[in-house]
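Number of protein chains: 2
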Amino acid sequence: MFQKPTLIVDPERCRRNIRRIAEKASRHNLTFRPHFKTHQSLEIGRWFRDYPIDGITVSSTSMARYFADGGWDDITIAFPFYEGMLGELKELEKEASLRLFLHHPSHASVIDAALNNPVHAYIEIDAGYGRSGISITNRKAIDELIHSIQQSDKVSFHGFYIHDGGTYQARGTEQILDRVSDSYRALQQLKADYPEAKTSLGDTPSASVLNEFDGIDEITPGNFVFYDWMQVQIGSCSPDDVAVFASLPMAQKLSNNKAIIHGGAVHMSKDFILSGEARNYGQVMLRSGNNFSELPNTFLAALSQEHGTVTGDIQAIMDSGEPVWVCPIHSCLTANLFETYHTLEGETIEKRILS
Amino acid sequence: MFQKPTLIVDPERCRRNIRRIAEKASRHNLTFRPHFKTHQSLEIGRWFRDYPIDGITVSSTSMARYFADGGWDDITIAFPFYEGMLGELKELEKEASLRLFLHHPSHASVIDAALNNPVHAYIEIDAGYGRSGISITNRKAIDELIHSIQQSDKVSFHGFYIHDGGTYQARGTEQILDRVSDSYRALQQLKADYPEAKTSLGDTPSASVLNEFDGIDEITPGNFVFYDWMQVQIGSCSPDDVAVFASLPMAQKLSNNKAIIHGGAVHMSKDFILSGEARNYGQVMLRSGNNFSELPNTFLAALSQEHGTVTGDIQAIMDSGEPVWVCPIHSCLTANLFETYHTLEGETIEKRILS
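Residue numbers (this note's numbering), protein chains in the order written: chain F, 2 to 356; chain U, 2 to 356.
Extracted from the complex, chain F is given alone in its bound form (with noise of 0.2 Å):
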C-alpha cells in the first residue's frame, strides 16, 4: 500500500464529521442537503444515509449522472446552468428529481421544451463573495427570473442558494462570521420578502462553526467529509478532525532540510497556502496509529508533475520508518486525482475517476 503514492481516507473521522454537520442541521430544523463533489465517492455517500438526508449537491451532471446510478434520488447541480446541460438532463430527469441553477429569464421556458419532469429552480445570489450569481443588489433581476419561473409549465421556484467562498479567506471563528455576515444577512432579507422561498447557505466554514441559523432553511457543505490543511488553518475544524492524508514514498534525501518525494501536482494538486513568504503545497504530519500530528515547518514547498520537495525536518521524517505523510491543502482537489481511497485497515474505497 506504501510502495505508491496512495490517499488514506479513515472513515471513522468521516463518519464523525458527517453526524457533526447533520445533528446540526437536525438541531436548528436546517435541510442537510451535502454536497458530494469533495468525496465523488457512492461509499462514502452511503455513509450519509445513517442521517435525514432529503438529497444531495453535485457540480455537474456527469457527477449527477454518478450519483443516480447510484440510487440518489434528488440532486442538486450547483452550477449555473447552461444549455449544454439539456442531453444529460433529459437522462438524469428520467432516475431522479433534479434542482438547478436558473440565473436567466429564459432558462425557465428553455427547460418547459427540453424536459419532461417537474424541476426544481435555485436563484444563486451573490452578496459580496464575486464568483457566479445575481447580486443581491440587482432586485430588478432577481424579480424578473422569479417572473419568468413563475410562468413556467415544469419549473417551480425552490429558494435562494449562496456559496460564501468569501470565509476560505478567514481565520478564526470571528473572521469566519464576519465574512459570511453579508451573505447571511442578504438571505435573511431574502427570507422576509419571499416567504415561500427556502434559503440556502454553502460553505464549510460557515457550516462548521455558525450556531445560529435564523432564516436559513438549508445547508449544503461539501468538503467537510475530509477537511483539510487550509480548513484547520481557517478554523472550521482540528487537525484531529482532517479524514484525508497522502501516503507520498520517499524518492530522495538530498540534505537535512530538503528531499524528493513520489508525490507532484498530478496526486496533490497545486492549491497552496502561505508559510510566511513560502508556499505550502501540503502538510507533513507524523503518523501513530491512527493519528497524525503536524510536523512543524515541514511541508511540500514545491510540486512539479511527480516530484514533491519536502524542506523542513527530513531526518524525523526518516526516522519515523514511515512513508511521507501528507495533510492535503484542498481536500477535494487532492481527492479527484486519486483513482480509489483506502483505509489504514487495508480496505479500498471506491470513487468516481475523473471530473
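One or more of the hints may lead you astray.
For identical chains, the list gives no copy identity; a pair is met inside one copy or between any two copies.
[Said to hold, decoys possible] Restricting the straight-line Cα-Cα distance to at most 35 Å, the calculated cross-link-like pairs of lysine-lysine (DSBU-like) are:
id : residue 1 : residue 2
1  : K192      : K95
2  : K259      : K141
3  : K271      : K155
In case anyone wonders, no lab produced these hints; they're calculated from the structure.
With chain F fixed as given, assemble chain U onto it according to the hints.
Just chain U, lined up with the frame of chain F:
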C-alpha cells in the same frame, strides 16, 4: 462535443512539433528519448514511430507499465529511484529494457538482489536548478555512485541527466540560453571527465531553441508535443505551434468583462502565469477553422473546483457563437485531468487516466 469541458488536440500540429525536434536531434546526432508524461497516450506515442526513437522517457513505474503494455521496450524512468518501485520493476523488466535514476551507493546492490535483467543507470545532476539530482560540485558523491555501479552485476552506467526547469523562468531565446548555460557546461565538463558516459538534457525550452549541442548526446523533452501558453511566453514556440486547447461551455455572463465558464481546477489544473498583477490560469482564444488566435486581455482569472472566472472581452466570446476556447498554461497538468482527447474532426484519442 462542445456540450461539456473537452480537450481538443490538433494532430497535425503535434506531428509537426514531433518532426521538428526529431529532425533537430538527427541533425545534431542526438539520441532522442522523448518524455511521454505530457500526452500519456499510446496513440500519440505511435506518431513518434516515424522517426528513429531509441526509447522513451516516463516519470513513474505505472506510466512505464502503460507504455510497456503498448509495445515500448526501452524505457527511462526519469524519477529518483526508490525501493518501493521494485515491485513494479520486477514486472516491467520482463517487457522492457529499463533505465533508472540512481542516486545512492546502495542502489546498485539493491537492484542486483531484486531484479533479473540488466538495468542502465543514469545519474541525475543538479547544476543549479535545485530540484532533484546530485550537485555538480559534489564530485565525491558522483564518483562513489559510479564506483558502486561498477561493482554491480546487473547495473551498467549509462550516463548523466539534467532537467533544467530553470528555463521555465526565462522569457525569450537569450534568457533560455542564459538559464540553461550552467547545465550545458556541467554536461560538457562531465563528458570531458567521463568520456564513456552519455550526457542527456531534458527540458523543452532548451530542446526548442538550442542550435548547438556540443558535448550533449541525448535530449528528452516532453512538453513540446503540445506546448502551451507558458511555452509561448517563454519563447519556446510560436502560438501556432500549440496543439491543445480546452473547449469550455459558457455558463453565466456576469457583465461585459466577467463570466463564469464550466472549466475549473479539475479541468485545467491550477498552474498560472502572471498577467501584470493578475493570475492567468488559461488564455482565451478565438477559433477560425483549425487556427486559434489570442483574445487580448481575456483569460481565466480564477478557478474553483468546476467554475472558471473569465475576465476580459466577454462580448467577443459571445459573438463568436463558439464555446470558450482556452489555451492551457501548463498542458502536462491539463492533459492529465482529461479522460480522452478529441480532435476538431470528431475523433477520439485514447490516453492513460490518472497517474
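Have a look at K271 and K155 and pick one of within, between, both or neither, based on CA distance no larger than 35 Å.
Classified as neither; 42 Å inside a copy, 39 Å across copies.
Measure nothing new, just compare the shortest in-copy and cross-copy C-alpha distances for K192 and K95 to 35 Å and report within, between, both or neither.
Classified as within: same-chain Cα gap 32 Å, cross-chain 68 Å, threshold 35 Å.
Alpha-carbon proximity context of K259 and K141, limit 35 Å:
between (57 Å within a copy, 20 Å between copies)
Of the numbered hints given earlier, the model fails hint 3 alone.
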